[in-house]
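If you're matching them up, the sequences are chains A and B in order. Using the numbering used here, read the first sequence as starting at 31 and increasing by one per residue. Using the numbering used here, read the second sequence as starting at 2 and increasing by one per residue.
Since the hints were made in silico from the structure, they are not lab data. For each residue, glycine too, the CB sits at the ideal point set by N, CA and C. Some hints could be false.
Stated by the list, open to error - Dumping the calculated DSS-like pairs for lysine-lysine here, alpha-carbon to alpha-carbon at most 27 Å:
{"#": "1", "chain 1": "A", "residue 1": "K181", "chain 2": "A", "residue 2": "K83"}
{"#": "2", "chain 1": "A", "residue 1": "K109", "chain 2": "A", "residue 2": "K83"}
{"#": "3", "chain 1": "A", "residue 1": "K83", "chain 2": "A", "residue 2": "K133"}
{"#": "4", "chain 1": "B", "residue 1": "K191", "chain 2": "B", "residue 2": "K349"}
{"#": "5", "chain 1": "A", "residue 1": "K160", "chain 2": "A", "residue 2": "K136"}
{"#": "6", "chain 1": "A", "residue 1": "K49", "chain 2": "A", "residue 2": "K108"}
{"#": "7", "chain 1": "A", "residue 1": "K115", "chain 2": "A", "residue 2": "K55"}
{"#": "8", "chain 1": "A", "residue 1": "K160", "chain 2": "A", "residue 2": "K181"}
{"#": "9", "chain 1": "A", "residue 1": "K115", "chain 2": "B", "residue 2": "K419"}
{"#": "10", "chain 1": "A", "residue 1": "K115", "chain 2": "B", "residue 2": "K167"}
{"#": "11", "chain 1": "A", "residue 1": "K49", "chain 2": "A", "residue 2": "K181"}
{"#": "12", "chain 1": "B", "residue 1": "K68", "chain 2": "B", "residue 2": "K191"}
{"#": "13", "chain 1": "B", "residue 1": "K68", "chain 2": "A", "residue 2": "K109"}
{"#": "14", "chain 1": "A", "residue 1": "K85", "chain 2": "A", "residue 2": "K49"}
{"#": "15", "chain 1": "A", "residue 1": "K55", "chain 2": "B", "residue 2": "K113"}
{"#": "16", "chain 1": "A", "residue 1": "K49", "chain 2": "A", "residue 2": "K137"}
{"#": "17", "chain 1": "B", "residue 1": "K113", "chain 2": "A", "residue 2": "K115"}
{"#": "18", "chain 1": "A", "residue 1": "K85", "chain 2": "A", "residue 2": "K109"}
{"#": "19", "chain 1": "B", "residue 1": "K248", "chain 2": "A", "residue 2": "K49"}
{"#": "20", "chain 1": "B", "residue 1": "K70", "chain 2": "B", "residue 2": "K419"}
{"#": "21", "chain 1": "B", "residue 1": "K425", "chain 2": "A", "residue 2": "K181"}
{"#": "22", "chain 1": "B", "residue 1": "K68", "chain 2": "B", "residue 2": "K113"}
{"#": "23", "chain 1": "B", "residue 1": "K113", "chain 2": "B", "residue 2": "K191"}
{"#": "24", "chain 1": "A", "residue 1": "K160", "chain 2": "B", "residue 2": "K425"}
Stated by the list, open to error - Beyond 10 Å from chain B on every Cβ pair, some chain A residues (computed):
{"#": "25", "residue": "Y87"}
{"#": "26", "residue": "K100"}
{"#": "27", "residue": "N105"}
{"#": "28", "residue": "V118"}
{"#": "29", "residue": "P125"}
{"#": "30", "residue": "K137"}
{"#": "31", "residue": "K138"}
{"#": "32", "residue": "D161"}
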Amino acid sequence: MLLFFNILFALFMLSEQEKHPIFHKHQNIINGAHEISVFKIYSQPIAPAEQDKNKQYAGDFEVISKIDLKQEQQNELKKLVLDTKNYVEDKKSCPMQAGYAIKFQKKKHYIILIVSEASCKKSVIISSEKDINRHYHDLAETNDIHTFLSKL
Amino acid sequence: MKKPFLQILLLPFLLLCSTLKGQSLYELTFEAEKVLYKGFLVYFNEEDAYMRVGYTYNGQYNVVDVKYKSVTGQEDGYNYFVMVGSNPRFITNTAKGQKYNPDHILWVWNDKENVGLPYITDDPNFDETHLQRCKSYREIKATELTDTYLRQFFRTDEPEFKALQKMRNAATGIASTNNNNNSNTATAAKLHLVLFINTDIPDIGQSCAVDQRVMETEFREISKAVGLPFQKYVLNGDKFTKANAEKILRDLEVGKNDVVLFYYSGHGFRWSNQTDRYPQLDMRYSEYTPLSDKTSLALSDVYRIISSKGGRLNIILSDCCNSDIGRNQMTSTTFMASRAFQGAEIEKLRTLFLKSSGSMIITGSSPGEYSWCNVNGGFFTLSFIQSLKEEIGYMRNDAPSWEHIAQNTVKSTQYKAKNCNGCKPQNPIYNARITQN
């Protein structure tokens, strides 16, 4: 049955092939990012008006620390974040507790993927691009993004 | 004898809200090898459906019964719904060696492409070259179930034939021993529907809003059907706070013969040091509000508060996760809607809502588990509504009970999560202490 679906979906998806289901046409920001950063962040977002100017934020999440990545780690992270196998379409009814921010910067364009702690695996996109900004995506229970982050 | 494919007509609502159909009737036609087939599909739930297929072959009229199980899901932005046929059984007399391969039916659609007629095939491997599009498909109203129509698919001595006759008679207003007259039913009683729905939370608010519409529709129609005055209390949008929730519960005035149905749809969780097996309800509509005991409410407390009001029947439901949040508690200082209601036997509704006493608490998942949802709503909510509708359908012979509804809700939720791509197991838990008067 799975084979059948693959065939059928392939037919339906012909016109959609160039579009990433999560990042849409903005996947090029990730692919072409000149700066890739990972931050450990506090779980609770702070409303912009209440943010401390002396502190660093990723999205609205206060940064605890920045984690330096080697070039090969950056390349690996690009692939992991774009890999749709790491996401699920159905959603869990649990409150996301943020743990990490992954920032991809390409000139003035950016995508920050806020990733939860392991207890309720979710993510939210904070981006310069309106059509994907603040979009929530549940992560698969076993996903390579969490595996990668847990090793840092 | 067997056709290479089937043509099935599935209702758009079955595709979009397949889990909501408790006892739905459809007619579909298809043609294969110049033989016209007409199917009468009776859909109870994902695990229980059957189709009677009538066709003439070599001058002889045949009727076959085929059982169905269904799988629904999403993949790459597309929704699919598949009904897998099995166990074909001839209702009419068969010639020696006469066979019928079960047909399988499928629908595929997305936001941009509406669902069209379904595809059909008898190929268990779903080879694309064997897929055929059905010719027609429509929902059958109870009023259309004339004896002549039913005889195309059933023998007159079959219990299904009699049940469908009963459904038709109720729809057309013909009196019977179990008519659907809702007068003189509930004296000095009221149905209180308390809905706490987190419609504004960004990740699942849309799904919660769907749950709200479903629950409101179902219970408004139930109250009409059994003659219970209906009063709803809705907490959603930016009013969705613990303080407002507590006020609603505190101010709720319940008469001793009243029915209270509480329903929560939103985030749920459990503290790492929590022993209560029921979840905490997350009463924040904004992600900027910190999570603490001041912004959460224990479902068990809701149960205690409502049970203490003294009503005759209390049903407490929550569709939310029951998973560990990863930290200790912080002390921060349509079917029922008109057309779909055709399948409901009102006497069974009366048994559930007017002749039952006690309380039931039921939540979407066990400790440590997630509750799953999608654009059609929460798996648990859909399963509960489905089980309720199934319980009061004409084609179920057992006496209705809340315990049975809870059991079927658990089973149906488990099935949905099992067949969801990427989901983990979801096992609702409940405690029912309800007796029938």
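Against the structure, the hints come out as follows:
Distance restraint check for K181(A) and K83(A): the Cα-Cα separation of roughly 31 Å exceeds the 27 Å cut-off, and the hinted pair is therefore not satisfied. Between K109(A) and K83(A) the CA atoms are separated by roughly 33 Å; this puts the pair beyond 27 Å, and the hint is violated. Pair hint K83(A) plus K133(A) holds up; C-alpha atoms about 20 Å apart against a cutoff of 27 Å. With a C-alpha separation of about 18 Å, the suggested pairing of K191(B) with K349(B) holds against the 27 Å cut-off.
For the proposed pair K160(A) and K136(A), the alpha carbon gap of about 16 Å is at most 27 Å, so the pair holds. Taken as a hint, the K49(A) and K108(A) pair is honoured in the structure, with Cα atoms around 16 Å apart against an allowance of 27 Å. Proximity of K115(A) to K55(A) is assessed by CA-CA distance (about 18 Å); at most 27 Å being required, the pair is judged to hold. The straight-line distance between the Cα atoms of K160(A) and K181(A) is roughly 32 Å, outside the 27 Å bound, and the hint therefore fails.
Distance restraint check for K115(A) and K419(B): the Cα-Cα separation of roughly 18 Å lies within the 27 Å cut-off, and the hinted pair is therefore satisfied. This hinted pair does not check out: K115(A) and K167(B) have alpha carbons roughly 50 Å apart, beyond 27 Å. This hinted pair does not check out: K49(A) and K181(A) have alpha carbons roughly 31 Å apart, beyond 27 Å. For the proposed pair K68(B) and K191(B), the alpha carbon gap of about 41 Å is over 27 Å, so the pair is violated.
The hinted pair formed by K68(B) and K109(A) fails the criterion: a straight-line CA distance of about 44 Å is larger than 27 Å. Distance restraint check for K85(A) and K49(A): the Cα-Cα separation of roughly 36 Å exceeds the 27 Å cut-off, and the hinted pair is therefore not satisfied. Distance check on the hinted pair: K55(A) and K113(B) sit about 18 Å apart at the alpha-carbon level, within 27 Å; holds. In summary, the hint linking K49(A) to K137(A) is supported, as the alpha carbons are separated by about 21 Å, within the 27 Å threshold.
The suggested pairing of K113(B) with K115(A) holds, with an alpha-carbon distance near 23 Å, which does not exceed 27 Å. For the given pair, K85(A) sits about 30 Å from K109(A) by alpha-carbon distance, which is inconsistent with the 27 Å threshold. Note on K248(B) and K49(A): the hinted pairing is violated, with a Cα-Cα distance of about 48 Å set against a maximum of 27 Å. Simply put, K70(B) and K419(B) have alpha-carbon atoms about 13 Å apart, close enough for the 27 Å limit, and the pair holds.
Between K425(B) and K181(A), the direct Cα distance comes to roughly 24 Å. Compliance with the 27 Å bound is thereby established for this hinted pair. A C-alpha spacing of about 32 Å is found between K68(B) and K113(B), which places the hinted pair above 27 Å, so the restraint is violated. With a C-alpha separation of about 43 Å, the suggested pairing of K113(B) with K191(B) is violated against the 27 Å cut-off. Simply put, K160(A) and K425(B) have alpha-carbon atoms about 32 Å apart, too far for the 27 Å limit, and the pair is violated.
The Cβ of Y87(A) sits about 13 Å from the closest Cβ of chain B, beyond the 10 Å cut-off, so the non-interface label holds. Distance check on K100(A): its Cβ is at least 29 Å (rounded) from any Cβ of chain B, clearing the 10 Å threshold; non-interface status holds. In this structure N105(A) is separated from chain B by more than 10 Å, as the shortest Cβ-Cβ distance comes to about 25 Å. Distance to chain B contradicts V118(A) as a non-interface residue, since its nearest Cβ pair spans about 3 Å, not more than 10 Å.
Consistency note on P125(A): stated as away from chain B, yet its beta-carbon is not over 10 Å from all of that chain's, at 4 Å minimum. Consistency note on K137(A): stated as away from chain B, and its beta-carbon is indeed over 10 Å from all of that chain's, at 28 Å minimum. Every beta carbon of chain B lies more than 10 Å from that of K138(A), the smallest distance being close to 25 Å; the non-interface claim holds. At roughly 14 Å, the least C-beta separation between D161(A) and chain B is larger than 10 Å, which holds for a residue marked as non-interface.
This entry does not satisfy hints 1, 2, 8, 10, 11, 12, 13, 14, 18, 19, 22, 23, 24, 28, 29, going by the numbered hints stated previously.
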